[in-house]
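A.B. asks: Residue strings, one per chain:
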Amino acid sequence: MPEATRFTRHGRGWIERASYPVGALALAVGVWWGLTLAFEIPPFLLPPPEAVAARLLNDPALYARNALFTLEKVVYGGSVGIVVGFALALGVAYLPWFRRAIYPYLVTARVLPKVAIAPVLLIYLGTGLITAVVFVALIAFFPVVLSTAAGLSNAPAEHHDLLESVDAGWIRRVVYVDLPYALPDAFAGLKQAVTLSVVGAVIAEWIAADNGLGFVILIASENVRADVMLAALAVLVVEGLALYGAVTLAQRAAGRWSALE
Amino acid sequence: MIDLDGVGVDFEGVRALEGIDLRIEDDEFVTVVGPSGCGKTTLLRAIGGLQAPTAGAVRIDGDSPAVAQAGARLGFVFQNHTLLPWKSATENVTFLREMAGEEPRREEAQDLLASVGLEGFEDAKPRELSGGMNQRVAIARAIHLGADVLLMDEPFGELDEITRDELGVEVRDIWRRERKTVVFVTHSVPEAVFLADRCVVMGATGRIERVFEIDLPTSRDEDVFGSRAFQEQVAAVRRTLHESYA
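Listed in order, the protein sequences are those of chains A and B. Position in the first sequence (first residue = 1) + 109 = this note's numbering. Position in the second sequence (first residue = 1) + 160 = this note's numbering.
There may be inaccurate statements among the hints.
Stated by the list, open to error - Straight-line distance between alpha carbons at most 30 Å, and here's what the computed BS3-like set of lysine-lysine pairs gives:
1. B/340 with A/300
2. B/340 with B/285
3. A/300 with B/247
4. B/247 with B/340
5. B/247 with B/285
6. A/300 with A/223
None of these hints come from the bench; they were simulated from the model. Predicted, not measured: the structure shown is a model, and the values here were computed from it.
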């Protein structure tokens, strides 16, 4: 990439691009604030922005602690889901008998509303971290399997001929050709998995946990504390964005030795 | 030496090749010409061990193609350059050697790139190079492998005619310099005649129709295209093709 383009992308252009969404956010908060003022909405229904900010600043430790609890579920559950999903994708891509045996059930798993599984898990695993981890993993593995398995067939057939012509073997083919070609799809699945992991963690906290941002939202709802709910929600959004950003950074780093560019 | 003895290939009842007897000597440049679907690519793949014959046998210096593959003795160049898009020209040249389990030699790879006219493009990615340049990288890759046999499957098929002519001259030069046995498949009659010591004409039924000994000087450049000897032999090969497909 020429230097001039690079400057625009990361220099002035970056600020310009960021100004639009930041402006939209400022406008939305402004409208929110205006509505609460103009219609004199009672704070227990819709607190003004400054009340939510005050709530956050009043007890930052509460939100930080619970954000970490949620993060724990997302990271553990998401990691299990991603690793299992990746292993299943390898099986689906390279073992025809495995693909034929498992594919109908993968489709079934897609149709099944995962939320319906959570109460079942509760019976077998109780209300601890393990239930949340299993539930998040169940939600996260699916997009990883489908995207990665599809991506593993991206490499042109002639590339396989080329490697076969020097008897390179199956492992070299997978590592040096198929996987790099699969990375764009695999990362698309990974991004979905991370987003779904946050959803899964919150659902798990509603059903089977006594901590985390989802739990804070639930308790606040029961006590009609809209300011606490919105504060927890704001923290949850930031957490989700940070996780998504981490995957995007990893994708950029992987672009050096793959078909991502 | 490459020895084909009664080689035939059936694809689920459809005959792609039948009764191919052909012996290719060391350091010989053989072209295989015929229209699309005549089995010429299947023939090349059978020699290279990418297609198992359903009849007869292929021997490369007495060994099966699988043994030759394992010894990195077969250097393929495909119609599509098959370079990895995320690797530089130098990395692409050394890649095949690495996949064969041999030590890559970076400096030798860069010398090879220079010898095919790509000095200064050592770090360029495939998308930064033209189709002809990428095909040069692919040829350098096959040579860097150190194979005695080059198997080229319409390597200039997607290039414009001027680039084709240029690369044809270069491939002849490379062949003379490196002393390789070359089997070169093409559907272009002039290309087949220009490059060859011997030109194998494939007939309609997956058989060899005729083999022409090409009578042209060993050292060949663009001037050959205008020579009377060249044009007469192109006409003779064309005639054979047209009679076969009439």
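A.B. asks: Each of the hints needs a verdict: does it hold here or not?
C.D. replies: Against the structure, the hints come out as follows:
For a cut-off of 30 Å, the pair hint linking residue 340 of chain B to residue 300 of chain A is broken: about 50 Å separates their Cα positions. At most 30 Å may separate the alpha-carbon atoms for a hinted pair to count; residue 340 of chain B and residue 285 of chain B meet this at roughly 28 Å. The straight-line distance between the Cα atoms of residue 300 of chain A and residue 247 of chain B is roughly 26 Å, inside the 30 Å bound, and the hint therefore holds. With a C-alpha separation of about 27 Å, the suggested pair residue 247 of chain B and residue 340 of chain B falls inside the 30 Å cut-off, and the hint holds.
Restraint check: the Cα-Cα separation between residue 247 of chain B and residue 285 of chain B comes to about 6 Å, which is no more than 30 Å; the hinted pair holds. Between residue 300 of chain A and residue 223 of chain A the CA atoms are separated by roughly 18 Å; this keeps the pair inside 30 Å, and the hint holds.
Consistency with the previously given hints fails for number 1 only.
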